[in-house]
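Number of protein chains: 2
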Amino acid sequence: MNIIKGNAIIGQSGGPTAAINATLSGVIRGAMQAPQIDRIYGAVNGIEGILAERITELNGQFADEAALDALAHTPAAALGSCRKKLPAYAPDDPIYKKLFSILEKYNIRYFFYIGGNDSMDTVAKLSYYAQMQGYDISVIGVPKTIDNDVCGTDHTPGYGSAAKYIAATMQEIIRDCAVYTVPAVTIVEIMGRDAGWLTAAAAVPKKYCGVAPDYIYLPERPFDYQSFFSDVEAALKRHPNVVIAVSEGLRHADGHYVGENSQSGAVDIFGHAYLSGTGRSLEAAVKQQFGCKVRSVELNIMQRCASHLASGTDIAESIRVGQAAVACALEGKTAKMMAFARVSDDPYAVEISEIDITTAANHVRAVPDAFINDAGNHVTDACIDYILPLCEGEIAMRYEHGLPVHFVIDKTPVTEKTKA
Amino acid sequence: MNIIKGNAIIGQSGGPTAAINATLSGVIRGAMQAPQIDRIYGAVNGIEGILAERITELNGQFADEAALDALAHTPAAALGSCRKKLPAYAPDDPIYKKLFSILEKYNIRYFFYIGGNDSMDTVAKLSYYAQMQGYDISVIGVPKTIDNDVCGTDHTPGYGSAAKYIAATMQEIIRDCAVYTVPAVTIVEIMGRDAGWLTAAAAVPKKYCGVAPDYIYLPERPFDYQSFFSDVEAALKRHPNVVIAVSEGLRHADGHYVGENSQSGAVDIFGHAYLSGTGRSLEAAVKQQFGCKVRSVELNIMQRCASHLASGTDIAESIRVGQAAVACALEGKTAKMMAFARVSDDPYAVEISEIDITTAANHVRAVPDAFINDAGNHVTDACIDYILPLCEGEIAMRYEHGLPVHFVIDKTPVTEKTKA
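Residue numbers (the numbering used here), protein chains in the order written: chain A, 1343 to 1762; chain B, 1343 to 1762.
Hint data in this document are derived by calculation from the structure and do not stem from the laboratory. The reader is advised that the hints may include incorrect statements.
One side only, chain B facing chain A, incomplete, derived with CB under 8 Å [unchecked claim]:
{"id": "1", "residue": "P1417"}
{"id": "2", "residue": "T1511"}
{"id": "3", "residue": "H1743"}
{"id": "4", "residue": "H1748"}
{"id": "5", "residue": "I1751"}
{"id": "6", "residue": "P1755"}
{"id": "7", "residue": "V1756"}
{"id": "8", "residue": "T1757"}
Here the structure is a predicted model, which means the values were calculated and not measured. Ideal Cβ placement from N, Cα and C applies to all residues, glycine included.
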């Protein structure tokens, strides 16, 4: 494409994280400094919002540095998110025609989409349609997902903060569980349907805090109740306070989720099988097998929205990668995803560059074999060494009246403001 | 009792909190400065540890200020805890005889017990036995409980930190839930079996952050499904992202817990009724009634162990009340519980004094009527004004390698050290 002057639009898509607004602040920051970019628009609820012309103007809202800083420390997606998937390419598809008529109306020449695997699929399809139709636009994806399962990048923005939350919370939970002398098993369920990156972060306190879960089970290995019971039995012989980290996505060798069928035929008021979740299923199984005190804890959405405990490294990198996306677009590139390459382990250092969007879209990156121990019930030191630098550093969270200060974007559409 | 020179012992009892070690650090600090106190012992796992002579020496471990400071920011009970209840007074009861023979062996003249309602019962019984038997000892209770349900004090150490965690997390959860346009109900279950103090803290962000759960249900009001469904229906008409805070202790008018019977006869592998928990029960009920996306979130043990987000006010007061307990003992008092009196609302200020232990022991303080709205589905502004100052202030948590630094007490018993 030619480098032309025009407007930019930014959208957020997929599940919220503690760092997706830091990336948004980085893109805004970069775009405000670019002479080629005039107006900066926010797509409210991503692609879904563009189709409904819910487009808001951002320049005025971020005139001062304090607003950008507060945005970088706000959890969730400040522009709203969506889970819309675009159809396959077809020149006359009404969705694409509508999308591009609106992009043209707003003279959008720079399109930034911050999201996970599905969102990179959107970036790939949008840029392909534009190229095929000869619409001059630079479409750049910026990865974000706590799941860390996007291909082509060392890690994803958002993962470091979730990993820090999980590691810090695991340390706190282990201290909490250690206070009584009565044998007890605590099972902590961590997010990650297909990849065990988040669950692996439970091991991080092992290196410098001297505590870790007794066992860690990732979805990369089939789950087997007999091995699990042997593990728990051995742990209960060592000490009374057993703590186990499990991924929500644990599956048996036959592909069934562990959380699917533990209540042995229990049905809800509609007669549907009661899905109790992985932690609850294992809780019931341990109670049956050992008869001891058992408890399950889900870190649930706190692990993705606890921005007060975000990783300093993650937030700084998330801002940087947003700025780099703008630089990439200004070079006239399109159909790219921004990515991190780890160029040094000690000291930890990353370089940011762009990769072809097709490398990233629709693939899932699993935890590699070298990061899982032979027994399949814990992670290796190499895994901890990979995760630890991503959790390092603390943010300077601003508090008022005892609570973190968040930034709320005014999402009033341009169309409504014009009317007024 | 006469004021005599001797040794002190400190025990922790009941559920862990983010502030119980701050109180421990305050007692140690006070005892180290007291010329009347020679050795400072820690009872490992409270009364249970004294009976087993698991008694460790603390003086040497806290020679420097950094150790006391780290202890004050460590979650859970660093000395270990117990849930042992002492029998009623009987001069020849073997448990009391054993307890006092060990106290005499260690020349214990100052006994500090940090705990909740049950622990104050222990303080009452111990001091009564000592008085009846003419054993010279000052027995002082220092309250701690996230539940805030101890009588005779404006609030309890530990509550402010839990309330801050709940308020901050609620703000983050509400941001997280706001990103999609699809109607969804999120039910957040908060601790508190008999009193709604913790659940009420979910309302705190309303005052300065502009967000709050749509509804808050406390155990002080009977729960009724029809009113609940009307509330949810009204909320779904206002906006798509409904967030509701519920106490784990919600009960129907007939006294049954809401979490007891929702799975309509579902039984576990032993044929026991499946207790799904309050949040899960309401999740199933909303799904049945409205057919929309529903999710339940339990703040679980994180709300009591998240010391990284402890309240500055709570930690400072917890240290102070520990020091005050020592001062009280040095005045020759016994059978007392330390208590806070709020002497000013604006600016917030408390005074610490002692009350008779019998005032506190075995009573539960509920959320008063003035703090609950007429409909029984939210709290009043007066309630928020009561809670907010307890959450204020941030601690200077020390981090190393990305994680909070905790202090681990060496619990080796004196008897083993003497052998070595």
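- Which earlier hints can't be squared with this structure? Checked against the structure, the hints that fail are numbers 5, 6, 7 and 8, while the rest are satisfied.
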